[in-house]
Amino acid sequence: MKRKKVKTYLDTLMADKEFRERFEEEYQNLSISEQIVMARKAAHLTQAALAKRVHTTKSAVSRYESADYNKYSISLLNRIAHACKTNLRVLLIPLK
10 MKRKKVKTYL DTLMADKEFR ERFEEEYQNL SISEQIVMAR KAAHLTQAAL AKRVHTTKSA
70 VSRYESADYN KYSISLLNRI AHACKTNLRV LLIPLK
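Count along the sequence shown starting at 1, add 9, and that's the number in my numbering.
Treat the hints with caution; some may be incorrect.
Here are the simulated lysine-lysine pairs, DSS-like style, with alpha carbons at most 25 Å apart [as the list claims (entries may be wrong)]: (1) Lys105 - Lys14; (2) Lys26 - Lys14; (3) Lys26 - Lys80; (4) Lys26 - Lys16; (5) Lys105 - Lys50; (6) Lys26 - Lys105; (7) Lys105 - Lys13; (8) Lys67 - Lys50; (9) Lys61 - Lys94; (10) Lys61 - Lys80; (11) Lys67 - Lys80; (12) Lys50 - Lys61; (13) Lys80 - Lys94; (14) Lys16 - Lys105; (15) Lys94 - Lys67; (16) Lys26 - Lys13; (17) Lys50 - Lys80.
Here are the simulated distance ranges between beta carbons [unchecked claim]: (18) His53 - Asp25: 37 to 47 Å; (19) Ser82 - Met47: 39 to 49 Å; (20) Lys67 - Leu97: 18 to 28 Å; (21) His53 - Leu97: 13 to 23 Å; (22) Thr66 - Pro103: 37 to 47 Å; (23) Val15 - Arg98: 29 to 39 Å; (24) Asn87 - Lys50: 12 to 22 Å; (25) Thr55 - Lys11: 46 to 56 Å; (26) His53 - Leu85: 48 to 58 Å; (27) Lys67 - Lys11: 53 to 63 Å; (28) Lys67 - Arg98: 21 to 31 Å; (29) Lys50 - Pro103: 26 to 36 Å; (30) Ala24 - Lys67: 37 to 47 Å; (31) Arg72 - Lys11: 26 to 36 Å.
These aren't lab readings, by the way, just hints derived from the structure by calculation. Glycine included, C-beta positions come from ideal geometry on N, C-alpha and C.
Could you build the full structure based on these sequences and the hints that come with them?
Structure follows, in structure tokens:
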């Protein structure tokens with residue numbers, strides 16, 4: 010017997026194209042910031058130590074690790090990845 014999926018409030022919101030686009034953009038920013046934190050911690054670096062390696066300030070690293078930050082450049086992400094001894098991989102995924 011096939012069960013009918015219950016439509017949630019989020020399902021209703023995601024049906025709105027503008028909301029979905031904003032949501033996906035914010036989710037991407039959050040994902041990048043979380044990955045920076047995880048890479049930094051896996052490399053056993055403090056924000057200050059990472060800042061020194063990427064030639065910036067501790068407050069800048071704090072901004073990069075914030076979900077509100079959205080000014081990432083490939084160059085910046087490469088410097089962070091290198092400092093954390095990780096690889097940067099950017100994926101372009103086709104829309105559904």
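Hint by hint, here is what the structure shows:
no. : hint                       : result
1   : Lys105 - Lys14             : holds, 20 Å
2   : Lys26 - Lys14              : holds, 21 Å
3   : Lys26 - Lys80              : holds, 23 Å
4   : Lys26 - Lys16              : holds, 17 Å
5   : Lys105 - Lys50             : violated, 34 Å
6   : Lys26 - Lys105             : holds, 13 Å
7   : Lys105 - Lys13             : holds, 22 Å
8   : Lys67 - Lys50              : holds, 15 Å
9   : Lys61 - Lys94              : holds, 14 Å
10  : Lys61 - Lys80              : holds, 20 Å
11  : Lys67 - Lys80              : holds, 17 Å
12  : Lys50 - Lys61              : holds, 15 Å
13  : Lys80 - Lys94              : holds, 22 Å
14  : Lys16 - Lys105             : holds, 20 Å
15  : Lys94 - Lys67              : holds, 19 Å
16  : Lys26 - Lys13              : holds, 24 Å
17  : Lys50 - Lys80              : holds, 22 Å
18  : His53 - Asp25: 37 to 47 Å  : holds, 43 Å
19  : Ser82 - Met47: 39 to 49 Å  : violated, 20 Å
20  : Lys67 - Leu97: 18 to 28 Å  : holds, 22 Å
21  : His53 - Leu97: 13 to 23 Å  : holds, 19 Å
22  : Thr66 - Pro103: 37 to 47 Å : holds, 38 Å
23  : Val15 - Arg98: 29 to 39 Å  : holds, 36 Å
24  : Asn87 - Lys50: 12 to 22 Å  : holds, 19 Å
25  : Thr55 - Lys11: 46 to 56 Å  : holds, 53 Å
26  : His53 - Leu85: 48 to 58 Å  : violated, 21 Å
27  : Lys67 - Lys11: 53 to 63 Å  : holds, 55 Å
28  : Lys67 - Arg98: 21 to 31 Å  : holds, 26 Å
29  : Lys50 - Pro103: 26 to 36 Å : holds, 32 Å
30  : Ala24 - Lys67: 37 to 47 Å  : holds, 42 Å
31  : Arg72 - Lys11: 26 to 36 Å  : violated, 48 Å
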